[in-house]
Structures are given as C-alpha cells and as structure tokens.
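My request is simple: use the sequences and hints to build the entire structure.
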Amino acid sequence: MIICVILIPLLAGILVPLLPFRKRCHKEIFLEGAVILNSILVWYLLLHHSESTFLLAHFTGDLNISFRVDGMSMVFAGLVSGLWPLATLYAFEYMTKEDHENTFFLFYTITYGVTLGIAFAANLLTMYFFYELLTLVTVPLVMHTLTREAILASRKYLYYSLGGAAFAFIGLIMIIVYGTTTDFILGGVLDPLKIGDRTNVLLLIYVMAFMGFGVKAAVCPFNSWLPQAGVAPTPVTALLHAVAVVKSGAFAIIRLTYYSFGTDFLQGTWAQTTVMIVVMFTIVYGCSRALKETHIKRRLAYSTISNLSYILFGAVIMTPLGLTGAITHLAFHAVMKISSFFCAGAIMHQTDKRYVHELNGMGYKMPWVFGIFTISSLALMGVPGLAGFISKWNLAGAAVDSKNPLAYAGIACLLISALLTAIYMLSIVVRAFFPGRDFDDGPIQNVHDPNWKMLLPLMVFTVFIILFGVHSQPIVDFFYDVATGVY
Amino acid sequence: MGPNLFVNYGEAVAAILFCIGFTNLLLQTNLIKKIIGLNIMDSAIYLFLAEKGYIAGRAAPIVTNGVTSAEAYINPIPSGLVLTGIVVSVSVSALMLSLTIRLYVRYHTLNLDEIAAQLKKEGK
Amino acid sequence: MDFICNFPFFSILLSLFSGTICSILPGKAAKIVNRVVIITVGILSGILLVYLLDSGESFVYWMGHFPAPWGNEIRAGVLEAGMALFFCIIMYLSMAGGAHKLFDEVEESKHNLYYILINLLLSSLLALVYTNDMFTAYVFVEINTISACGLIMIRQVGRTIEAAVRYMIMSLLGSGLLLFGLCIMYDLTGHLLMSNIKESVSLLIQNGEYQIPLIVSIALMCVGLCIKSALFPFHAWLPDAYGYSTVSSAAILSSLVSKGYIFLLIKIIYRVIGFDIFNSTRIIDVLFVFGLMGMIFGSLSAIKEGDIRRMIAFSSVAQIGYIYMGFGMGTQAGMVASVFHILSHAATKSLLFIAAIGLTEVSGGSRKFIDLTGAGYRNKWAGVAFTAGSLSMVGVPLFSGFISKLLFAQAAVQVEGKMLAALIVLGISTVLNAIYFMKTVIRIYTAAGDTPYPCITFKDMKVHAVVLILFVILNVLLGVSSQPIVNMIEQGLAMFA
Amino acid sequence: MYLILLPILFPILAGFCLLAYRKDPGRKLLTITTGICLVITGALVVVALMGTKQGLTLFHLTKKLPIYFNIDKISVIFSLLTVIVFLCAGFFSFVYMKHEQKEKRYYGYYLMAFGVLNALCFAGNLITFYLFFELLTLSSFPLVLHTGSKEAVMAGLKYLFYSLCGAYASLFGIYFLYHNCETLTFTAGGVLQISPASREGSFFLLIAFVMILGFGVKAGMFPMHAWLPTAHPAAPAPASAVLSAVIVKAGVLALIRVIYFIFGTGFLQGSWVQTAWLTLTLVTIFMGSMLAYREPVLKKRLAYSTVSQLYYILFGLAVMNEEAFTGSLLHVLAHGFIKSTLFLTAGAIIYTTGKTRVDELRGIGKKMPFTMWCYTIVSLGLIGIPPTGGFVSKWYLAMGGLTGDIGIFRYLGAAVLLVSALLTAGYLLPLTIQGFFPGADYDDTACRKQEPARLMTIPILCLTILSVLVGLFPNIITNYLTDFVSTLL
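Chains as they are written, first to last, in numbering that gives the first Met the number 0: chain H, 0 to 486; chain W, 0 to 123; chain Z, 0 to 496; chain D, 0 to 488.
Treat the hints loosely; a few may be bogus.
Mimicking BS3-like on lysine-lysine, the simulated pairs with C-alpha atoms at most 25 Å apart in a straight line are [as the list claims (entries may be wrong)]:
#	chain 1	residue 1	chain 2	residue 2
1	W	119	Z	461
2	Z	379	H	155
3	H	402	D	62
4	D	63	H	402
It is worth saying that the hints were derived from the structure and are not from the lab. Please read these numbers as outputs of a predicted model, since none were measured by experiment.
Next comes the structure, spelled out in structure tokens:
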C-alpha cells in the first residue's frame with residue numbers, strides 16, 4: 000500500500016510523455032485523476048494506518064529501505080496530498096502559457112511520489128535516499144524555462160542541495176554508528192554506551208547535519224538558491240519551493256532532531272544554542288531581504304525563507320510544545336504561502352507583471368485574486384482569526400514554556416519578522432487597492448480574474464486559512480499528540 | 000650510522016647514484032638527459048643488487064668441483080634480478096627513446112617544456 | 000590440486016600468448032581474439048571466484064615445481080579472483096564502448112597493435128593481481144607501464160605523445176622507487192616471495208632490528224606505487240594522459256591501470272609487510288593527509304577545467320584520494336571501503352569516459368563545455384548515462400558511489416583522531432564533486448539554440464548504447480546490492496592475512 | 000446573549016458589502032445607506048449595552064484561547080463615546096466627502112472601523128482585544144490614506160506599520176502572560192499572580208513596560224508618536240476626527256485593560272515601570288504641547304495637541320489611584336468630544352476655504368462665525384477653563400496626581416499639567432483671536448458669510464454641547480464609575 004502511493008505518481012508521471020493524448024484535456028483528466036486517486040489512497044492510508052513497517056529492500060549491512068506511517072508522516076503526507084491535486088489543477092491553467100508541458104508534468108508528478116517517500120520513510124537512510132531523489136527530480140522543474148537565469152538557478156539549487164545532503168549524510172553515519180537503529184523513534188536512538196565521551200563531536204555533527212538539511216529549508220547562509228529558483232513556473236515555486244521541497248528540509252530536521260538524535264541529548268547544549276541563533280538570524284534576515292526585493296515571487300521566496308525558520312525555531316526549542324508549534328507552522332504556512340504564491344502566479348499569468356511597482360490599482364481588476372492575496376498576507380502577518388496567528392501562537396507559547404532565554408529572544412525575532420512581513424506584504428496590497436490619486440487604469444483595462452481552475456485552489460486555500468484560524472482546536476490537538484508520540 | 004655507511008660504501012654509492020638519477024629523471028627538461036637519468040637510476044639499483052649479492056671470498060654460483068654447500072657460493076638471485084632488471088630497463092629506454100624521436104620529429108626540440116608550450120599554441 | 004587452480008596461470012598466459020598472436024593478425028581478427036580472450040579470462044576468473052567462495056580459502060600455485068622460498072608462486076584468493084573478474088568486465092565494456100572511436104582515431108594498420116597492447120595490459124594486470132612474488136610484480140609493473148604508454152600514444156597526435164612521455168617519466172620514477180624499495184626489502188629479508196618476506200619482517204620487528212631500513216623500504220614502495228597511481232601531488236601526468244588518449248584507453252587507464260597498482264599496494268600492505276605493522280608506521284598518516292588533499296585539490300582542478308575529458312581525469316585524482324584516505328585510516332573497515340571504492344570508481348569512471356565520448360561526438364568532436372550545450376538531447380543515451388555516472392560520483396543513493404561514501408564515512412567514525420577531518424573533507428569533496436559534475440549535467444541538458452550537430456538515435460550507436468546501459472546497470476548493481484560484494488571483500492582481505 | 004455581536008457584525012458586514020459592491024450606487028443612495036447603517040449601528044450598540052447581562056464566548060481559537068465578549072463600565076463609556084463621535088463625524092462627512100473621490104470605499108472602511116471599535120470596547124479578554132486591535136489598524140488605515148496623494152499613502156503606511164509594530168510588541172507580552180496567568184479574561188484587579196520582587200516578576204515588569212510601549216504606539220506615546228502628526232493632516236477631516244477622538248483612545252483602552260485588568264495595579268505600583276511610564280507621559284504632554292505650539296498647519300497642530308492631551312489620560316492611568324483614574328476616563332470623554340469638534344471645525348474650514356495654515360485664516364470668524372464659536376468654546380474646554388469638560392477632568396487628574404503615591408511626580412505632574420494648559424491656550428486661541436479680531440488692516444468688505452451646510456454644522460454643534468455637558472454634569476459619570484473604580488485598585 001505505502002509503496003503504491005509512492006509509485007503511482009511515478010508511473011503516472013512517466014506515462015505522461017509516453018501516452019498519446021489526443022487532446023490536452025485528456026491529459027489533464029488523466030493526470031488529475033491519478034493525483035486525486037493517489038491523494039485518496041494516501042488519506043485512506045493515513046486514516047487506517049498500522050504500526051507495522053513495510054520493508055522494501057535491504058541496502059547494505061542492516062540498513063534498509065522501509066516505510067512506515069507515524070504521526071509526523073501523517074502530518075506531512077496529509078499536507079502534501081491535500082495540496083497536490085489543487086496545485087495540479089492550477090498548473091493545468093498556468094502551463095498553457097509555457098512550453099514543454101510534458102516534461103513539466105512528468106517531473107511534477109514524480110515529485111509527488113518522492114515527497115511522499117520522504118514523508119513515509121521509516122528510517123534515516125530511506126529519508127536520505129528520497130531526499131536526494133527529490134533534489135534530482137526537481138532540478139528539471141527549476142530549469143524548465145531553460146533561460147540562462149533558470150540554468151544558473153538550477154545549478155545553484157543543485158550544488159546547494161547536494162552539498163547540504165553531503166553534510167546531512169555525515170549525520171546519517173553518526174546515527175548508524177552511534178545509534179541503536181536508524182529507525183525513527185521519537186526521543187532519539189542514540190546509544191549512550193556507544194557515545195562515551197564523544198558528546199561534543201556528536202553535537203558538532205548534529206550542527207553540521209542540521210545545516211546540511213537546513214540547506215533545503217533555506218537556513219541562512221544557505222538560502223540564496225531559493226529566491227533564485229523562483230524562475231521556475233509558479234506551480235513549482237508555489238508547491239515545491241513553498242511546500243514540498245523546503246518543507247522536506249524542515250521535516251528532515253525535525254526527524255533528525257526529535258527522532259534520531261533525540262531532544263534529551265541536544266537540549267541545553269551548545270548545539271541547540273548555535274542552531275537556534277542561526278534560525279533566529281534567518282527569520283529576521285529573510286524578512287529584511289524580502290523587504291528589499293521588488294520581484295513578487297522573489298519577495299515571497301524570501302518570506303518563505305523566514306517562515307521556514309519559524310518552523311525550525313519551533314523544532315529547535317526541543318520540547319513537545321515546540322514540535323507542536325513547528326508542525327502547526329509547517330502545515331499552516333504551507334497553505335498560506337501556496338495561496339500567496341498562486342496569487343502571484345495568477346497575476347503573472349494574467350498580466351505578465353512580476354514586479355511590485357507594476358501592481359498599482361490591480362486590486363480592482365482582479366478582486367478575487369487580490370482579495371485572497373490580502374487574506375493570505377494577513378494570515379502570514381499573524382492576524383488573529385487566521386491560520387498564521389495560531390501557528391505563531393503555538394511557537395511563541397512553546398518558546399515561553401521552554402524557559403530558555405534565547406527562545407525569548409526568538410519570540411522577539413518572530414515579532415520583528417511579523418512586522419516586516421506586514422510591511423512587505425501589505426505594501427503590495429496597498430498598492431493594488433489604493434493606487435493613489437493620479438492613477439490611470441487605462442493600461443490594465445483588460446485585466447481580469449483568471450478562470451476557475453486557478454481560482455478554485457485559491458478559494459479552497461482561503462477557506463482553510465480561515466478555518467484553521469478560527470477553529471484550530473482539533474487539528475492542534477492532533478499535532479500535539481503527534482509531538483508527544485501518541486501516533 | 001656513520002660507520003655503517005662507510006662499511007657499506009657500495010650501497011651508499013648506489014643510493015647516491017640513485018638519487019642523482021632520480022633527480023635527473025624528474026627535473027631535467029631535456030628528454031635525452033632524462034633518459035640518461037633513468038639509466039643512471041636503474042644502474043644504481045643494479046649496483047646495489049650486485050653489491051648485496053656479492054659475498055667476499057666466495058665463488059660464482061656455478062657448481063665447481065662438486066661442492067654443493069651453499070656456503071661456497073655467492074647468492075645467485077641478485078645476479079638474476081640484475082639481469083632481468085637490465086632487460087626491463089633496456090626495453091623501457093628503447094621505448095622512451097622512440098617516443099623522444101617522435102617528439103623531436105614533430106616539434107624539433109627535446110625540451111619538454113617547449114613542447115608543452117607549442118602544444119598549448121596548437122590548442123588541441 | 001584441483002584443475003581450477005590452474006586458472007590464474009592460464010589466464011595470464013592466455014592473454015600474454017594472445018598478445019603475441021595478435022601481432023600477426025589483421026585488425027579485425029585481432030579484435031575478435033582480444034574480445035574472446037577477455038571473455039575467456041573473465042569466465043575463468045568467475046569460475047575461480049565461485050570455487051574460492053565455495054572452498055573458503057585461498058591457494059598457492061607453484062610456478063615450476065619448486066616450493067617456497069625458491070620457486071615463483073601465484074596466489075589466488077577471493078579478492079584476487081573477484082578483482083580479475085571485475086577487471087575483465089570493465090575492460091570488455093570499455094573496449095566495446097570505445098571501439099567505434101578507435102576507427103576514427105587510430106590508423107587502420109595499427110589496430111592489431113592496439114589489441115596487442117590491450118592483451119599485454121590484461122596479462123600484466125592479472126599478473127599483478129595474482130602474483131605472490133615481489134620481483135615478478137615489479138616486472139609486470141613495468142610491462143603494465145609500457146603497454147599503458149602504448150595505449151596512450153596509439154592515437155598519434157602531439158598531445159598524446161607528450162602525455163605518453165610524461166606518463167612514462169612519472170611511471171619510471173615510480174617503478175624506480177618501487178624497485179629500490181624492493182631491493183632493500185630483499186636485502187633485509189633475503190626473500191622475494193611475499194609470504195616469506197612477511198615472516199621475516201615480523202621477525203625483524205620482533206627483534207627490533209633494521210627498523211630504519213625497513214621503514215625506508217616500505218616508504219619507497221609506497222611512494223613508488225602512489226606515483227604510479229597518481230596520488231595527489233604526483234598527478235601532473237594524469238589529465239593529459241587520460242584526457243587525450245583514445246577513449247577506451249582512457250577508460251581502461253583510469254579504471255584499471257591505476258587500480259592495478261593500488262591493488263598491488265594493498266597486497267604489499269597485507270601480504271608483505273603485514274597490516275598491523277604497516278599501520279604502526281607513520282606512513283598511513285601521510286597517505287591519509289595526501290588522500291584528503293587529493294580529494295580537495297583534484298576536485299578544485301576539475302572545477303576549473305573547461306574540457307570534459309580532462310575534468311573527468313581530474314576527478315580521478317580526487318577519487319584516488321578517497322582510496323588512499325581509506326588506507327590512511329588504518330582499519331579493516333577503511334580498507335574495505337577503499338577496495339569497494341576501487342570497484343565503484345572503476346565502474347563509474349569508465350562509464351563517464353565512454354559517455355563523455357558519446358556527448359562529444361554529437362558536438363562536433365569538441366570537448367569544450369560551451370560546445371556541449373544541449374548534447375544530452377542530441378545523444379540521449381550518453382546523456383542519461385553521463386548523468387547516472389555523475390550522480391554516482393556525487394554519491395547519490397542507488398548508485399555505487401553512495402555505498403563507497405557510506406563505507407568510508409562509517410570507517411572514518413571508528414578512527415578517533417581522523418574522524419572529523421575525514422568526515423568534513425568527505426562532505427566538502429561531495430560538494431565540490433556536485434559542483435563540477437552537476438555543472439556538466441546541467442550544461443548538457445541546456446537547450447542550445449541552433450546547433451549544426453546532428454542528433455544520434457539508438458540505431459546509430461547500438462553497441463555504444465548497450466555498453467552504456469550495462470555500465471549503468473553495473474553501477475546500480477554495486478549501489479543496490481552491495482552487501483554480498485562487501486562481504487566478499489571482507490572475506491578476501493581476511494584471506495590475505 | 001448574541002445581542003452583543005450585533006453592533007460588531009452589522010457594521011462590519013455592511014461595510015464589507017459596500018466595499019464588495021462593484022457598481023457605483025450614486026452619491027445620494029450611498030450617503031443614505033451609510034447614514035441608515037450608522038444609525039442602526041448606534042441603536043444596536045445601545046441595545047447591546049442595555050440588553051447584555053453576561054459575557055459571550057463565541058468560540059475557541061485554540062486551547063484556552065476563547066473569543067470572548069463582555070460589557071463592563073469601561074466598555075460602556077468607550078462605546079458611547081465611539082457611537083457619538085462616529086455618528087457625528089459620519090454625518091459631517093456626507094457633506095465633507097463631496098470633494099473627495101471614491102466615497103464608497105471611504106464609507107465602507109468607516110463602517111468597518113466602527114464595528115471593530117465596538118468589538119474592541121466589548122472585548123472580554125486580551126486575545127479578543129488583540130484581535131480587534133489589529134483589525135482596527137487594518138480597517139482604519141484606508142481612511143488615512145483615502146485622499147490617495149503621495150503623502151496620504153505614505154502617512155497611511157506609516158500609521159499602519161507603527162500600529163502593527165506596537166501591536167506586535169504587545170503580542171510579545173501576551174505570549175508570556177498567557178503562559179503565566181490562569182486566564183486572560185479581563186478581571187478587575189488583574190490576573191497575574193506573580194510578585195514583582197521575584198526573579199520572574201522582574202521579567203514581567205519588563206514585559207509590562209514593553210506592552211505599555213506597544214499599546215502606547217496607538218495612543219501616540221512619545222518615542223513612537225511620529226505617525227500621529229503625519230496621519231492626521233493627510234486624512235480627510237472626519238477621519239481625523241474619529242482617529243483622534245476614538246481610534247487613538249483604543250490605545251488608552253488597551254492600556255486600561257492591560258494595566259488594570261491583567262497586570263493589576265498592585266503589580267506595577269511603585270515599580271520602575273510606573274516611574275518610567277510617568278516620565279514618558281509627562282515628557283509627551285510637554286513635548287506635544289510645545290510641538291503644537293510651534294506648528295503652523297492647523298490639523299497638524301491639532302494632531303500634536305492630541306498627542307499631548309492623550310498623555311493627560313495616560314498620566315492619570317499611570318498614577319494608579321481612584322481620582323486620577325476617574326480623571327482619565329473623564330478626559331477620555333471630554334477630549335473625545337472636544338478633539339472631534341476641533342477636527343470637524345477644521346474640516347469645515349478647509350472644506351469652505353481650502354486653507355490649512357493658521358496664519359492664512361485671519362478673519363475666519365467673520366466668515367464662519369458659528370463654526371468659530373464652536374471652535375472657541377471647545378478650545379476653552381481643552382485648555383481647562385471651567386465649566387467645560389476639560390476643567391473637570393484636569394481637576395481630577397491633578398488631584399489624583401497630588402494625592403498619588405508617586406514621589407516627585409506628584410508636583411511635577413501638576414506643574415506639567417499647568418504649563419501644558421498654558422501652552423494649549425497658546426496654540427488654540429490664536430486662531431480665535433485672529434479669526435474674530437483680524438486687526439485693523441483686515442479688509443472687511445471682502446468677507447461674506449460662508450457657513451457650511453447644515454449637515455456639517457449640526458454634528459459640530461452636538462459635539463460642542465456634549466463637551467460642555469461633560470463639564471457641567473460630571474457627577475453623573477463619576478457616580479456611575481465610583482464603585483467600579485474602587486474594585487480596580
């Protein structure tokens with residue numbers, strides 16, 4: 000079953016260029032069908048999950064490729080499988096304006112499977128394996144337009160990701176050697192007997208592995224690939240560079256911290272301090288760069304950088320509450336950011352405008368898109384009643400609860416970042432809705448909202464943003480259960 | 000060490016010669032000189048072997064007068080090794096020389112650096 | 000003694016003999032003979048391997064009927080047989096993959112010469128693998144050198160001759176040192192057979208006699224073989240030699256010849272000096288440091304390189320650095336990792352060379368990156384194969400490179416003092432590998448506007464494509480089911496002791 | 000029970016519909032609709048005030064995080080002020096907004112801000128309060144940048160970001176409070192159970208200070224006051240009126256809620272936070288007056304005046320005794336009425352003459368005697384001349400200050416209040432003097448009566464009367480508050 004959900008997208012993706020579709024809509028139906036089917040399977044799997052581990056293959060020694068559904072995988076897989084069908088729908092419409100559709104959908108769909116692979120990985124090696132695969136299958140998506148910019152971006156993406164993986168690999172080795180097993184067990188698998196007096200070395204390795212996985216999660220100073228990768232088509236930027244890929248980085252770090260090294264080992268050490276400082280710096284850094292950026296998608300990308308570090312901030316608090324906060328933000332930010340990215344994509348698709356200063360007065364021409372953009376902006380800022388507030392609330396709550404002075408400073412960083420978020424997001428909104436007195440709407444006379452394929456996903460996201468914001472109790476409870484290992 | 004060196008002067012000389020040959024082979028830019036270096040180096044080793052193989056006061060390892068005691072003869076193996084080595088060395092030298100001729104015909108120089116420079120100019 | 004025990008000797012002799020035969024045959028026939036010989040030797044080694052795995056112990060084969068310490072001996076264990084088999088596979092694939100290029104680059108009349116050299120090379124490699132006698136090893140080292148030199152210069156352009164000369168010079172320096180070290184060793188122990196030397200050496204160590212000459216001798220042999228296998232500071236000859244010779248030669252040189260020397264070094268370490276004694280010297284530290292430096296500087300040079308073949312060649316320098324790093328760790332695990340990397344690198348590097356030639360062919364024969372733009376679309380198979388090879392080199396799971404990285408890292412963790420250095424350099428080197436290999440991969444998949452170069456389909460290059468596929472499969476096989484191979488290596492190393 | 004939601008949801012929804020309605024309904028229809036909505040909302044507020052007996056928990060945002068509404072006496076005072084000012088300014092704007100564009104948008108946000116303010120008054124716990132505090136910023140900044148000129152947009156953004164900055168600073172505190180209090184429901188006397196002397200307590204003093212600064216931004220507290228003088232002149236006059244009279248009071252309300260209902264005065268009394276706060280208020284009072292005194296642009300002058308006057312209120316809060324607190328609440332009302340009148344008169348003047356600088360307005364009293372009379376009356380009130388509203392409130396403030404347990408500030412406070420009153424006279428009265436007595440060289444012949452439309456003058460009149468009434472019958476209010484105030488302290 001688990002292997003099915005990983006393989007179906009793979010197959011579907013490979014079939015796209017091979018099958019002779021007579022019409023475009025046939026292809027759309029085929030793909031959407033496959034993706035939805037897969038999502039349904041995933042949800043079925045999540046709801047009826049068993050504790051057993053599915054062993055695919057022995058690798059070498061006692062290392063193996065195996066899958067399992069546990070709490071974290073439920074969160075991540077549920078999130079991904081919820082977003083993918085919508086994003087695919089959006090992509091159909093968006094890709095009408097781009098070339099090489101087949102290649103695009105090939106890799107786009109494969110990525111779905113690979114991401115699920117990360118989610119369902121039962122041990123560090125399997126996760127590492129899919130993590131590398133993810134890099135590889137997403138590179139063609141980044142270089143999709145094949146412009147010079149895209150090539151440079153994909154190159155950078157590749158170097159960064161593979162380089163990061165190389166250091167994460169060292170962490171993997173440490174777990175293999177010093178752990179009792181490489182399986183993910185909440186609380187960590189390190190064997191104190193084997194460690195002996197090598198604590199500091201292990202901590203150093205943890206920091207290295209953190210930074211290694213952190214490359215995908217765009218931790219400063221390894222974040223510059225993400226804004227550059229924004230040259231990819233928007234469905235990619237939105238789904239992959241706001242959700243699947245970057246969240247895999249965060250997910251991997253959570254796995255590494257909570258399920259491999261274990262918080263007992265890390266809590267209160269210099270390693271925790273180090274990574275927390277890095278994360279806090281990234282939070283503020285990402286926001287301030289976003290402020291300077293005038294390209295919409297790049298601005299959003301910088302915002303992603305900052306928000307990813309929110310997640311990591313939650314993760315490095317290293318308490319169940321911190322993990323709850325991290326998971327909450329992992330899920331909620333995905334919805335918020337994909338929504339704002341899709342809005343940006345819709346704008347680009349409808350008007351070919353990609354800089355903030357070109358958006359004057361567009362709010363009245365595309366009320367739905369900008370309305371939704373506004374809501375997602377407010378959510379990202381953390382206005383109460385929207386999803387972002389809840390996740391920040393949980394993060395800050397965890398920080399307060401941890402009694403760690405550095406985490407207190409982290410709250411300040413969160414808030415500074417929230418303010419900066421307000422500035423860079425709302426300045427777009429203000430431009431769009433309040434273009435100023437002498438604004439002439441002649442040039443954008445013909446601009447209008449996109450069709451339903453683009454709007455539907457946006458609306459669904461918005462509904463969820465509000466729903467999570469207003470009534471988050473059950474889902475946050477669930478996240479807490481995940482963080483405390485009930486699932 | 001000093002006295003040992005003096006007693007084993009043959010080996011010492013061999014080692015020094017080896018170094019001379021080695022340096023020549025490594026550092027000379029002129030191909031012919033390099034080959035000479037190579038031969039010096041090889042000869043030094045043969046000298047070394049021969050020196051090791053020879054034991055003063057014993058006979059060549061050919062059974063004479065039916066004396067089969069190993070004490071009477073020197074060790075034949077080093078001599079064998081030297082012979083083999085010479086064969087190898089000769090063939091290698093021949094190969095090197097033929098290569099040198101090729102290069103000389105092509106580039107009209109024996110200086111390896113100059114050849115490299117010319118190659119760069121060719122750009123291939 | 001079983002009949003199978005004759006196989007090592009047969010294989011060496013067969014390849015030597017066929018080399019001689021080839022000299023009087025026309026090119027085509029020589030080619031066939033050559034192929035048949037490689038296959039036969041491969042089969043023989045395979046059978047031998049199965050036999051050895053079955054019997055579980057190595058055997059010694061007397062050349063002539065003199066027992067040690069007088070006779071010359073051949074020794075075969077799991078590792079030797081496995082190596083021989085693997086060398087045959089790689090050699091066959093490399094030959095097949097580069098055959099079409101041979102016609103372009105080498106004069107018709109010299110084809111049979113080429114096959115002579117290949118056969119000679121094979122025989123010398125086999126001899127290096129199997130021999131139990133140090134002086135025999137030396138002689139075959141020289142034969143190996145000569146035939147390798149021939150392989151380089153068979154393509155008659157200025158560059159190759161120059162490269163051949165440089166290669167010769169470095170090799171001669173190396174073999175000179177080896178010979179000298181060997182003579183000292185002989186002087187100290189009075190033996191040439193490995194097993195006998197080992198006994199004497201351990202006696203010497205026990206008695207504390209002749210420590211300095213012993214170390215000098217070991218060092219000389221090590222340095223000699225390091226030079227020959229292009230460890231970092233001694234790699235100057237390598238890029239030209241690998242970069243300009245005809246592609247089969249390059250593949251064979253990089254994946255087999257240098258590996259032959261390294262294998263000899265392993266044998267010396269285990270069978271001549273003794274693993275523990277070797278580890279107690281400081282030489283392993285030196286090897287370790289140079290290995291690390293090689294990993295970094297080789298990659299750096301590769302990044303700077305603008306020529307795909309030379310880039311791959313420089314990458315070899317880095318990979319050889321890995322192997323020596325494994326030696327330098329001084330543990331069984333490190334050694335296993337190194338041996339595995341010999342296999343993995345051989346499989347990958349020849350794949351890369353063969354794939355690279357496929358890419359350059361569709362780019363007007365140019366090897367500059369700028370001309371390779373979009374080559375991956377013009378020659379799909381080569382593109383895919385090159386990508387696979389690159390990924391393996393970078394150490395992506397599923398490919399052999401990952402396993403060797405895994406083994407190296409695992410080995411490194413067990414060595415207290417060298418752990419961090421090894422791990423960090425491993426990480427950095429992976430990053431650097433990623434940079435130059437991925438740069439190339441992206442380059443070949445960058446759409447080029449209008450290129451005058453034709454596309455090549457599967458039909459135009461059947462053999463080439465099949466070879467590439469086989470290489471990729473070999474790579475994946477090493478990457479996926481590595482456990483039996485690792486077990487075999489461990490068993491083989493145990494037999495050495 | 001759900002009655003309490005009506006005055007919140009109705010205007011917000013009405014405003015939203017107005018915004019979402021894409022066609023232009025025509026001016027007349029628009030103003031009528033808006034007027035009706037305003038009146039209905041006003042009525043709903045009254046109904047809610049009368050009809051609500053207990054709090055309402057709407058739903059939980061997340062664990063222990065309910066959206067909760069409740070009405071206490073503070074809510075009553077603030078919501079009444081809100082209703083009155085919003086209604087008056089709303090009607091005023093029906094005329095005033097004629098010369099601005101995009102009225103529909105203006106009214107939409109106006110209504111929304113109204114609803115949000117109501118919610119703010121009714122908020123029963125800190126989270127609810129914070130939620131609407133943010134929403135207030137978001138719904139009111141379009142009012143500021145309404146004119147769409149470059150300065151207006153910049154002013155709007157400045158207002159937005161300053162306010163958000165403040166809100167986030169206070170959110171910082173909320174995070175900590177949440178984890179150390181049983182509940183965040185507003186409880187008279189505070190809910191924080193930590194002694195200020197403990198190690199945690201000293202940290203919470205810092206938190207309190209941060210929150211005071213944070214909420215203080217909205218109330219134009221000294222280091223973060225810069226948005227006020229920028230935002231007021233840029234906004235349309237009725238918007239300035241509500242901004243100055245009511246919206247900045249949200250900051251005051253916030254501080255009352257946080258200090259008196261969450262931390263509790265017992266926690267802060269005598270701590271360095273109180274000292275710092277007092278210092279800040281006094282500095283701001285003085286500085287605001289000085290800046291107003293030096294400012295030539297009328298609306299900007301009034302804005303600085305707002306800064307200064309708000310700090311009377313905050314001073315009263317910072318003293319933390321009954322008199323001062325009552326004085327503060329009185330001043331909230333008095334200043335609310337007075338300042339809205341002032342801004343509306345300024346709006347009327349700008350609307351009729353188009354002049355913004357004080358020195359251009361010589362002889363204005365001749366042209367618009369009614370408006371200027373109202374202006375003069377409320378000015379006197381603001382200066383604090385009996386029997387106007389300002390006198391009573393300042394009396395209470397000064398009394399509170401003098402009897403308060405605040406050391407040196409006892410006298411310092413009274414002195415600063417006095418000086419500031421003088422300065423107030425100095426910056427408000429020149430307009431009256433110049434307006435009515437333009438001097439000998441003023442050309443009387445050119446002037447003719449230019450009184451604005453009824454819809455403008457009547458709201459001004461109403462507010463003026465109210466401001467006087469506050470001064471005449473303060474006892475109603477003080478009596479109403481006495482019991483309640485004593486529970487707070």
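We went through each hint and held it up to the structure:
Distance check on the hinted pair: residue 119/W and residue 461/Z sit about 36 Å apart at the alpha-carbon level, beyond 25 Å; violated. Only pairs whose Cα atoms come within 25 Å are accepted, and residue 379/Z paired with residue 155/H is accepted, the gap being roughly 24 Å. Under the criterion of a C-alpha separation no larger than 25 Å, the hint pairing residue 402/H with residue 62/D is consistent with the structure, at around 20 Å. Of the supplied pair hints, the one linking residue 63/D and residue 402/H holds, its CA atoms being roughly 20 Å apart against a limit of 25 Å.
Violation of the numbered hints given earlier is confined to hint 1; every other hint is satisfied by the structure.
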